[in-house]
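> As they're listed, the protein sequences go chains S and E. Under this note's numbering, the letters of the first sequence match residues 22 to 113, in that order. Under this note's numbering, the letters of the second sequence match residues -12 to 286, in that order.
All clues stand as given, with none of them false.
List time: in silico DSS-like cross-link candidates among lysine-lysine, alpha-carbon distance up to 25 Å:
| id | chain 1 | residue 1 | chain 2 | residue 2 |
| --- | --- | --- | --- | --- |
| 1 | E | K104 | S | K66 |
| 2 | S | K66 | E | K163 |
| 3 | S | K66 | E | K(-8) |
| 4 | E | K1 | S | K103 |
| 5 | S | K48 | S | K66 |
| 6 | S | K48 | S | K103 |
| 7 | E | K(-8) | S | K48 |
What follows is a list of derived Cβ distance ranges for each label pair:
| id | chain 1 | residue 1 | chain 2 | residue 2 | range |
| --- | --- | --- | --- | --- | --- |
| 8 | E | A165 | S | D82 | 28 to 38 Å |
| 9 | E | A96 | S | E58 | 22 to 32 Å |
| 10 | E | N49 | S | S33 | 38 to 48 Å |
| 11 | E | S0 | S | R55 | 22 to 32 Å |
| 12 | E | A93 | S | S33 | 28 to 38 Å |
| 13 | S | R55 | E | T79 | 39 to 49 Å |
| 14 | S | D36 | E | N89 | 43 to 53 Å |
| 15 | E | T137 | S | D82 | 15 to 25 Å |
| 16 | E | N56 | S | A40 | 55 to 65 Å |
| 17 | E | A165 | S | D54 | 30 to 40 Å |
| 18 | E | R22 | S | P78 | 19 to 29 Å |
A partial selection of chain E residues facing chain S, derived with a Cβ cut-off under 10 Å:
| id | residue |
| --- | --- |
| 19 | F(-2) |
| 20 | V107 |
| 21 | A108 |
| 22 | S114 |
| 23 | E141 |
| 24 | S144 |
For the record, the hints were derived by calculation from the structure and aren't laboratory data. Model, not experiment: these values are computed from the prediction. C-beta: ideal position from N, C-alpha, C; glycine also.
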Amino acid sequence: MIVRILGEGQLSVDDTARAGLNDLDAKLSDAIDRGDETEFRRALKALIAGVRAAGSPVPPDSLQPSELILPYEDADLAEVRKMMTDEGLIPG
Amino acid sequence: MSVMKRVTLIFRSKANKALDRMEDPRETLDYSYQRQLEMLQKVRRGVADVATSRKRVELQMNQIQQQSNKLEKQARDALGAGREDLAREALTRRSSAQSQLNDLQAQYASLQAEEEKLTVASQRLQSKVDAFRTRKETIKATYTAAEAQTRINEAFSGISEEMGDVGMAIQRAEDKTAQMQARAGAIDELLASGALEDVSGAPRDDIQAELDRMGAGNDVELELQKLRGEIGGGATPELEAGSPGGNNSQATAAPGQAARPAPSASGGAQPSATPAIPASDVGESAIPSADTPRAGDGT
Chain S
22 MIVRILGEGQ LSVDDTARAG LNDLDAKLSD AIDRGDETEF RRALKALIAG
72 VRAAGSPVPP DSLQPSELIL PYEDADLAEV RKMMTDEGLI PG
Chain E
-12 MSVMKRVTLI FRSKANKALD RMEDPRETLD YSYQRQLEML QKVRRGVADV
38 ATSRKRVELQ MNQIQQQSNK LEKQARDALG AGREDLAREA LTRRSSAQSQ
88 LNDLQAQYAS LQAEEEKLTV ASQRLQSKVD AFRTRKETIK ATYTAAEAQT
138 RINEAFSGIS EEMGDVGMAI QRAEDKTAQM QARAGAIDEL LASGALEDVS
188 GAPRDDIQAE LDRMGAGNDV ELELQKLRGE IGGGATPELE AGSPGGNNSQ
238 ATAAPGQAAR PAPSASGGAQ PSATPAIPAS DVGESAIPSA DTPRAGDGT
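In isolation and in its complexed conformation, chain S is listed as follows (with noise of 0.2 Å):
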């Protein structure tokens, strides 16, 4: 599968890798819901290293879009948040 990790690029990551990323994944959106800044920082690492270990780069003239989106490394809660609503991103 292609995921993006916004501001990055995207990376093809292989299909074994998915039940680790989703366990990641779910301990960041318990940090998010406990509005925990500390543990979501560390979970949202945690997950984009994930992806970033099992992924390699996807050539740049590619055009195929990405099952996945992942926020921006140094991306805070409140941002994270807002993406996870229609307020926060901007239209391409």
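For this one, chain S is given, so just place chain E on it according to the hints.
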């Protein structure tokens, strides 16, 4: 729902809104391509803006570094002249300049990182726009309007995702540079007002003025010493310490080379008084001692 999926869904729905505008899907291709070119320009402008901010910070860093160096030298000079109070003041200001400098260095690094990110983003978008153009021409040449739709959707989703990503990156960079510019503006104002430049500027003046005054005092003393040397061992005493009565008559003679005979007339008692004056307090003695010959000249 998972974070990744929600972000993806929202992102995609926003990005795809532009899709449903045109009657003939093939027109959408040209319309989108125009927008892509605009976005490319926008991201390049973004890179240039960040670079400008970075250069401004660099300029300020240089300015403050100079102030800091100057203050360090002042502290050294002050200490050399035995003025620990002045040295302390200069070092205090230097440390505040130094902390400004650290702050600016952090800003500089952050802007540099932003600039690199945007540069890479612009290159990535350029590759995708090129790929899109090729795809667009193929689609227009090969497919009917009805057939084209699927192909167009494929080409679109990839490019619009990239556009959304780059658009957000530009927005983020703009926010960051706006913040930095506000701070840089504040530092410029400080420098201009003298308050911070007074890290080297206005307060610098009092340190520098004092040092200059001391320096001037020392120079006068040195000059005096030199003159004394020229005039010869015995001549000096008269000018400085001689009895008021005798002094006047001697001073009138002094401008010429007639000074030489004078020492013998005044005797050997004075020499001890002469060195005492310059050695004691530098700043104060400079003025009276400089005045003495002039007063003598007048009479």
